[in-house]
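Construct the entire structure; sequences and hints are all you get.
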Amino acid sequence: MTTSQDKPIKVLAENVHKAYGRNEVLRGIDLEVRAGEVACIVGPSGGGKSTFLRCINHLEKIDSGRLSVDGELIGYHQRSGKLYEMRDKDVAAQRRSIGMVFQRFNLFPHKTAAENVMAGPVVVRGDNRKVAKQRAIELLSKVGLGDRGDSYPSQLSGGQQQRVAIARALAMDPDLMLFDEPTSALDPELVGEVLEVMQQLAKSGMTMVVVTHEIGFAREAGDILAFIDAGVVAEIGEPTEILANPKSRRFQDFLGKVL
Amino acid sequence: MSTADPTAQPQAREKPPIEAVPVRHPGRWVGVAIVAVFAAMLVHSLLTNPNWGWGLIGEWIFAPSIVKGVGVTIVLTFLSMIIGLALGVLLAIMRLSPNPVMSGSAWVFVWAFRGTPVYVQLFLWANVIALYTTISIGVPFGPEFFTFDTKTLIPAFVAALLGLGLNEAAYMAEIVRAGILSVDEGQEEAATALGFSRLQTLRHIVLPQAMRVIVPPTGNETISMLKTTSLVIAIPLTTELFFQASAVGNRLFQPFPMAILASIWYLAMTSVLMVGQYYIERYYAKGAMRNLPPTPIQKIKRRIGIGREA
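These protein sequence lines are chains A and B, in that order.
Residue numbers for the first sequence follow our numbering, beginning at 39 and rising by one.
Residue numbers for the second sequence follow our numbering, beginning at 7 and rising by one.
Hint data in this document are derived by calculation from the structure and do not stem from the laboratory.
One should not assume that every hint holds.
Claimed, not checked - Covered stretches of chain B (chain A as the covering partner; in silico rule of three or more C-beta atoms under 8 Å from a C-beta of chain A):
{"#": "1", "region": "186 to 196"}
{"#": "2", "region": "211 to 218"}
Claimed, not checked - Partial pick of chain A residues on the chain B-facing surface, computed with a CB cut under 10 Å:
{"#": "3", "residue": "92"}
{"#": "4", "residue": "136"}
{"#": "5", "residue": "149"}
{"#": "6", "residue": "157"}
{"#": "7", "residue": "180"}
Quick reminder that beta carbons are idealized off the backbone N, C-alpha and C, glycines included.
Following this line, the structure appears as C-alpha cells:
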C-alpha cells in the first residue's frame with residue numbers, strides 16, 4: 039500500500055481518555071487516519087478497541103482529549119477557546135457521514151433487507167421512497183445480495199446479514215466507515231464473504247477504521263495497524279512491517295495467540 | 007451401512023414406512039367421561055329449569071334499549087382505549103425521557119391513577135362539578151381568558167371517558183414502557199449511528215418492535231375495559247348495556263335472566279375482540295418468525311385439502 043502523507047487527515051485522536059465510573063478504559067489514545075486509508079485496530083478483549091471506535095461517532099462520550107473527523111470536533115463546538123456540547127440534532131448530522139457496522143449486525147428485524155438499507159435515506163434524509171428502494175437494490179447487488187431485497191433478516195445467514203448491514207451503512211453515502219469486529223459473530227465459513235466485501239470497499243478508496251481479530255485482513259487490506267492494549271495504542275505502523283517485527287512483549291504474546 | 011454401495015442412487019434404497027402402535031392415553035377417556043357427565047347436568051338444568059328464563063331472554067335480547075346499550079358499551083370501550091393508548095404511549099416516552107421533569111410527572115400520573123380504584127375515579131370525575139362550577143383558563147390569581155361551565159363541559163359520557171381513559175392510560179404506560187425496554191439496545195444504536203434522532207428511532211425502529219410485546223396485554227386491557235364500562239353507574243351514565251339490562255330486569259322482577267342476557271352480549275363482544283387480537287398479533291410477528299403460523303381459516307382449508315401446500 040502507498041503511504042499517503044499528502045492526503046488530508048480524516049480521523050484525528052489526541053490523548054483520548056474515557057472511563058466508566060472508576061474503570062479507565064481509554065488512557066490516552068493517539069491515532070491519525072488519512073483519507074482513503076484503512077486503519078485496522080487489534081488487541082486483547084477489554085483493551086478499549088471497541089470503546090474507542092464508538093467514540094469516533096459519539097456513541098460514547100470522551101472524558102478528555104480531542105477527537106475530530108475532517109478537522110471537526112465530534113460532539114462539541116469550539117468557540118473562542120471554549121467547548122460547547124452539541125445538540126442531539128447536530129451530533130446526528132455529524133453521524134450521517136460516518137457509517138458503522140456492528141459485531142452483531144443490528145439489522146432491523148421488522149424490515150426487509152431492502153427496507154433496512156432504505157431506512158437511513160428515507161427517514162433521515164427524506165429521500166423519495168422509490169428512488170431509495172432502487173438505490174437499496176443497487177447497494178445490495180454490490181454486496182452480492184441483489185436478489186434478497188425482500189428477505190427479512192431472520193431469513194438470511196449471518197454473513198448475508200452482515201453484508202446487508204454494510205449496504206445499510208453505505209446508503210447514507212458516508213466518507214468514513216467504522217467496523218466493530220464485523221466478523222466475530224460469524225461462523226468461520228461465512229467470514230470470507232464479509233471480508234471480501236470490505237476489501238472491495240477498501241479498494242474503492244473508502245476511509246475505514248476496522249476493529250478486528252482477522253490479522254490476515256489487516257495485512258492484506260490495511261494501511262495502518264494499531265495494537266491497542268490497556269487503553270493506549272501500544273504499537274502502530276505499516277501492517278506487514280510491525281507484524282514481522284513486533285517490538286513489545288505484549289504484542290508478541292498477542293500475535294502468538296491469534297496467529 | 008458399510009456394505010452399501012456408496013455410488014448407489016439414494017432413490018433406489020427401500021424406505022419401508024414406520025408402522026408402530028401409537029401411545030395410548032387411557033386417562034383422556036376418563037377425563038372425557040367426567041366432563042361429559044357435568045356437561046349433561048348443565049344442559050339438563052338449562053333446558054328444564056324455568057328460572058333461567060330463556061323465553062324472556064329471547065324476547066329482550068334484541069330489544070332497542072338493549073341494543074343501544076351494546077352500542078354505548080362498544081363506543082365507550084373503544085374511545086377509552088384510544089385515549090388510554092395514546093396517552094399511555096406519551097407517558098411511557100416521558101417516563102423514559104432523560105429530562106427529570108418529564109419522567110417525574112409521568113411517574114406521578116401513573117402513581118395516582120393506578121393507585122386509586124377506577125370506580126372512585128369515575129365518581130370523582132362526575133363530581134368535579136361539585137368542586138368547580140366553572141373552569142377557567144388564565145393566569146393564576148390574574149385575568150381569565152376562557153371560562154367553561156362544568157355542567158356543559160362534563161356531561162356523563164365525557165366524565166365516563168375521562169375516568170376510564172385516564173385510568174387506562176396509567177396501565178398502558180407501564181405496558182408500553184415494558185415493550186420499549188424489551189427491544190435490544192443494539193437497535194437504537196444502529197439507528198443512532200445512521201443519524202436518526204431520538205424520536206425517529208422511537209417511531210420507526212423501537213415502537214414497531216415493541217408492539218410484539220405491547221399487543222397481547224393491550225388485547226387483555228381492551229377485553230377488561232369492555233367489562234369495566236359496566237362501572238360507569240358510578241357517574242351515573244345509564245345508557246350502557248348492563249344498566250339497561252338491569253333496568254329491564256328490575257321492571258319485570260326478573261333480574262337473573264337479564265344478567266344472563268347481559269353476559270351473553272359481553273361474551274359475544276369479547277369473542278370478537280379475541281379474534282381481532284389474534285390477527286393483530288400475527289401482523290406484528292412479521293420478521294420475528296421465519297414463517298408466520300397459519301390462520302385458523304388456513305388451517306381448516308389445509309385440513310380439507312383446498313389450501314396451498316399441505
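Interface hint compliance - residue 92 (chain A) to chain B, C-beta minimum distance less than 10 Å: It holds, given that the least Cβ distance between residue 92 (chain A) and chain B is near 8 Å, below 10 Å.
Interface hint status, residue 157 (chain A) versus chain B (Cβ within 10 Å): holds (7 Å)
Residue hint residue 136 (chain A), partner chain B, criterion CB-CB below 10 Å: Check passed: Cβ of residue 136 (chain A) comes within 8 Å of chain B, closer than 10 Å.
Restraint outcome when residue 180 (chain A) is required to lie within 10 Å of chain B by C-beta distance: violated (18 Å)
Claimed coverage, the region 186 to 196 of chain B by chain A - three or more beta carbons nearer than 8 Å: holds (count 5)
Given hint residue 149 (chain A) near chain B, where the shortest CB pair must fall under 10 Å: holds (7 Å)
Chain A covers the region 211 to 218 of chain B, three or more CB atoms within 8 Å, holds or violated: holds (count 3)
Comparing the model with each numbered hint stated earlier shows that hint 7 is the single one that does not hold.
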